[in-house]
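K.L.:
What follows is the residue order along each chain.
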Amino acid sequence: MNVVGLLAFAVAGSLKASDAGLDLFGVAVLGVLTALGGGTVRDVLVNRPPASLTTTGDMTVALVGVALAVVLARRAPEHVRILDSRAFLVSDAVGLAAFAATGALVGTDAGLAPYGVVVLAAVTAVGGGSFADVFLGRVPVVLREDFYATPALLGGGVFLFARVVGAPTGVSAGACAGVVFALRMLALRREWRLPQV
Amino acid sequence: MNVVGLLAFAVAGSLKASDAGLDLFGVAVLGVLTALGGGTVRDVLVNRPPASLTTTGDMTVALVGVALAVVLARRAPEHVRILDSRAFLVSDAVGLAAFAATGALVGTDAGLAPYGVVVLAAVTAVGGGSFADVFLGRVPVVLREDFYATPALLGGGVFLFARVVGAPTGVSAGACAGVVFALRMLALRREWRLPQV
Amino acid sequence: MNVVGLLAFAVAGSLKASDAGLDLFGVAVLGVLTALGGGTVRDVLVNRPPASLTTTGDMTVALVGVALAVVLARRAPEHVRILDSRAFLVSDAVGLAAFAATGALVGTDAGLAPYGVVVLAAVTAVGGGSFADVFLGRVPVVLREDFYATPALLGGGVFLFARVVGAPTGVSAGACAGVVFALRMLALRREWRLPQV
Chain S
37 MNVVGLLAFA
47 VAGSLKASDA
57 GLDLFGVAVL
67 GVLTALGGGT
77 VRDVLVNRPP
87 ASLTTTGDMT
97 VALVGVALAV
107 VLARRAPEHV
117 RILDSRAFLV
127 SDAVGLAAFA
137 ATGALVGTDA
147 GLAPYGVVVL
157 AAVTAVGGGS
167 FADVFLGRVP
177 VVLREDFYAT
187 PALLGGGVFL
197 FARVVGAPTG
207 VSAGACAGVV
217 FALRMLALRR
227 EWRLPQV
Chain G
37 MNVVGLLAFA
47 VAGSLKASDA
57 GLDLFGVAVL
67 GVLTALGGGT
77 VRDVLVNRPP
87 ASLTTTGDMT
97 VALVGVALAV
107 VLARRAPEHV
117 RILDSRAFLV
127 SDAVGLAAFA
137 ATGALVGTDA
147 GLAPYGVVVL
157 AAVTAVGGGS
167 FADVFLGRVP
177 VVLREDFYAT
187 PALLGGGVFL
197 FARVVGAPTG
207 VSAGACAGVV
217 FALRMLALRR
227 EWRLPQV
Chain A
37 MNVVGLLAFA
47 VAGSLKASDA
57 GLDLFGVAVL
67 GVLTALGGGT
77 VRDVLVNRPP
87 ASLTTTGDMT
97 VALVGVALAV
107 VLARRAPEHV
117 RILDSRAFLV
127 SDAVGLAAFA
137 ATGALVGTDA
147 GLAPYGVVVL
157 AAVTAVGGGS
167 FADVFLGRVP
177 VVLREDFYAT
187 PALLGGGVFL
197 FARVVGAPTG
207 VSAGACAGVV
217 FALRMLALRR
227 EWRLPQV
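Residue numbers (our numbering), protein chains in the order written: chain S, 37 to 233; chain G, 37 to 233; chain A, 37 to 233.
A couple of the hints might just be wrong.
[Claimed, not checked] If you only want the chain G side, here are some residues facing chain S, beta carbon under 10 Å, derived:
1. Leu-51
2. Ala-53
3. Gly-62
4. Asp-145
5. Ala-149
6. Leu-172
7. Glu-181
[What the hints assert, rightly or not] Reference excerpt, derived from the structure (chain G facing chain A, CB under 7 Å, subset only):
8. Asn-83
9. Pro-85
10. Leu-148
11. Tyr-151
12. Arg-180
13. Leu-196
14. Val-200
15. Pro-231
16. Gln-232
Hints in this document: simulated from the structure, not taken from any laboratory. From a predicted model like this one, the values you see are computed outputs, not experimental measurements. A virtual CB, placed ideally from N, CA and C, is assigned to each residue, including glycine.
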């Protein structure tokens with residue numbers, strides 16, 4: 037699940053950068069940032085060495101995603117079609133779910149307060165894409181309209197609830213990921229939005 | 037003082053986000069970020085677990101501020117009036133003073149160099165609002181025109197001076213907060229500005 | 037070399053801020069951020085106290101750079117001429133080389149994976165300027181068109197290669213810095229660019 041998510045996020049970030057006219061380095065940076073940025077900030081927030089820099093697996097997958105995006109971008113100039121395809125949206129929701137569960141796990145391991153666990157689930161899941169948006173000079177789309185971060189927050193809550201009622205860590209993480217994925221897919225189908233204030 | 041500051045900062049961030057057309061999640065994120073962002077970056081810079089994630093008090097106060105802002109935003113569509121009211125400006129200056137003093141204290145505890153203590157006072161005080169501005173795609177207002185960060189920098193200097201002449205920590209922090217608050221209120225009354233370069 | 041780089045980066049950041057109409061505080065922040073931001077994020081990523089806050093030397097040099105920029109800005113309103121001068125471009129390339137080598141060294145010391153060492157070389161070298169661009173609401177120029185980050189990435193690779201073939205640390209760092217400087221000067225002369233995607 038993590039690998040699917042890293043690929044989907046890297047493709048999304050790279051295509052966004054390509055649409056914005058960045059050069060090859062910029063496309064690679066935004067792809068990697070979208071895939072690994074949330075997890076890196078998560079690790080920094082709990083004062084541990086970022087897995088993205090101390091291991092090679094995640095970065096390799098992210099770079100494969102960048103390469104895939106470059107190939108796709110040359111073949112299909114209309115990137116919107118790729119990003120709106122069912123295959124992409126499902127992969128992206130899988131990533132959202134996997135990242136939220138990982139964030140909740142890391143937060144619990146680090147001894148954070150309940151709020152902190154929920155924040156870490158959301159930061160891990162939507163942080164990378166948000167930073168990529170900021171680098172492109174845009175207000176992150178998750179803050180404006182997409183029902184995308186809310187599943188991650190609710191998933192963090194589900195994780196906490198499962199832990200409180202005594203579920204083992206693995207089950208709690210699975211319940212979190214399941215809820216995030218289901219809510220995200222429902223939100224896409226029903227076009228859910230949060231109200232403006 | 038800290039609670040007043042957290043509330044004022046959360047209200048300011050939330051109203052700014054509401055004016056920018058963000059949805060409920062975005063309004064909550066910007067409110068929380070404005071209130072807790074400076075302290076979180078301060079803690080990350082000195083390699084300690086962020087108080088915003090390991091405790092529940094600060095986040096609760098920030099969320100109360102967000103809720104307050106949502107109520108205010110629905111009642112009074114002209115947010116400028118709220119943010120220009122005397123009650124808000126005084127609360128905001130109290131927060132600026134409290135946050136600068138906390139930043140200077142944490143910097144001293146962490147064994148930073150004098151520059152580092154002053155930087156940490158300023159980052160704690162104006163970091164959250166600046167990051168919120170960046171997320172909204174704006175140049176942080178403290179970098180452009182407001183006489184807002186300068187009191188925090190000078191307050192950090194006062195803290196250092198008090199420590200050098202042998203004042204106890206509590207007195208140094210109080211002197212820092214007092215100077216920041218007085219300078220900020222004076223700056224508002226006299227419309228002080230720094231020159232452009 | 038480090039001092040030359042800090043000065044060049046601080047001047048570049050300050051002049052950019054002055055052109056954007058920031059006030060004196062904003063000019064100082066962007067100058068300091070450009071000079072010290074990359075190294076600070078590097079240190080945070082490997083969980084060590086940022087040298088920019090625990091020592092006084094680097095910050096002093098950065099502030100001298102800011103003061104220099106203020107004097108230059110008042111004398112020569114056309115900052116482009118300063119930033120396009122040969123003296124500035126060489127100093128800036130020296131900084132790029134020194135910062136990339138320092139980043140690679142810190143990454144190796146911290147036990148990062150090979151990718152991590154290369155990323156840290158690039159973050160140290162181009163991070164400060166990129167954050168300054170983001171604060172000004174711009175897409176970082178290194179992501180768009182300049183052949184500026186690529187030398188730092190390649191220099192990180194040279195450092196790794198030198199270590200693998202058994203070169204002592206000092207020699208590896210020197211080789212890294214030499215390659216970065218040479219590639220950057222060549223890129224300027226030949227107007228190299230990366231392709232868009």
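K.L.:
Confirm or reject each hint.
P.N.:
Right, here's what the structure says about each hint:
1. The interface hint given for G/Leu-51 is met, as the beta carbon of that residue sits about 9 Å from the closest beta carbon of chain S, less than 10 Å.
2. Because the beta carbon of G/Ala-53 sits about 7 Å from the nearest beta carbon in chain S, less than 10 Å, this interface hint is met.
3. Because the smallest distance between the Cβ of G/Gly-62 and any Cβ of chain S comes to about 3 Å, under 10 Å, the interface hint for this residue holds.
4. For G/Asp-145, the interface hint is violated, the least distance from its beta-carbon to any beta-carbon of chain S being 16 Å, above 10 Å.
5. Annotation: G/Ala-149 was flagged as interfacial toward chain S, and the flag is violated, the nearest CB pair being 21 Å apart, outside 10 Å.
6. At its closest, the beta carbon of G/Leu-172 sits 6 Å from a beta carbon of chain S; the interface hint therefore holds under the 10 Å criterion.
7. Violation of the interface hint for G/Glu-181 is found here, the shortest Cβ-Cβ separation to chain S being roughly 21 Å, above the 10 Å cut-off.
8. A least Cβ separation of about 6 Å between G/Asn-83 and chain A falls short of the 7 Å threshold, and the interface hint therefore holds.
9. Because the smallest distance between the Cβ of G/Pro-85 and any Cβ of chain A comes to about 12 Å, over 7 Å, the interface hint for this residue is violated.
10. With 7 Å as the threshold, the beta carbon of G/Leu-148 comes within range of chain A, its nearest partner Cβ sitting at about 5 Å, so the hint holds.
11. This hint holds: G/Tyr-151 has a C-beta 4 Å from the nearest C-beta of chain A, less than the 7 Å allowed.
12. The criterion of a C-beta within 7 Å of any C-beta in chain A is met by G/Arg-180, whose closest approach is roughly 6 Å, and the hint holds.
13. Hint on G/Leu-196 is violated. Least Cβ distance to chain A is approximately 12 Å, over the 7 Å limit.
14. The criterion of a C-beta within 7 Å of any C-beta in chain A is not met by G/Val-200, whose closest approach is roughly 15 Å, and the hint is violated.
15. The restraint placing G/Pro-231 at the interface with chain A holds, with a minimum CB-CB distance near 6 Å, inside the 7 Å limit.
16. Taking 7 Å as the C-beta contact cut-off toward chain A, the hint placing G/Gln-232 at the interface holds, the least distance being around 5 Å.
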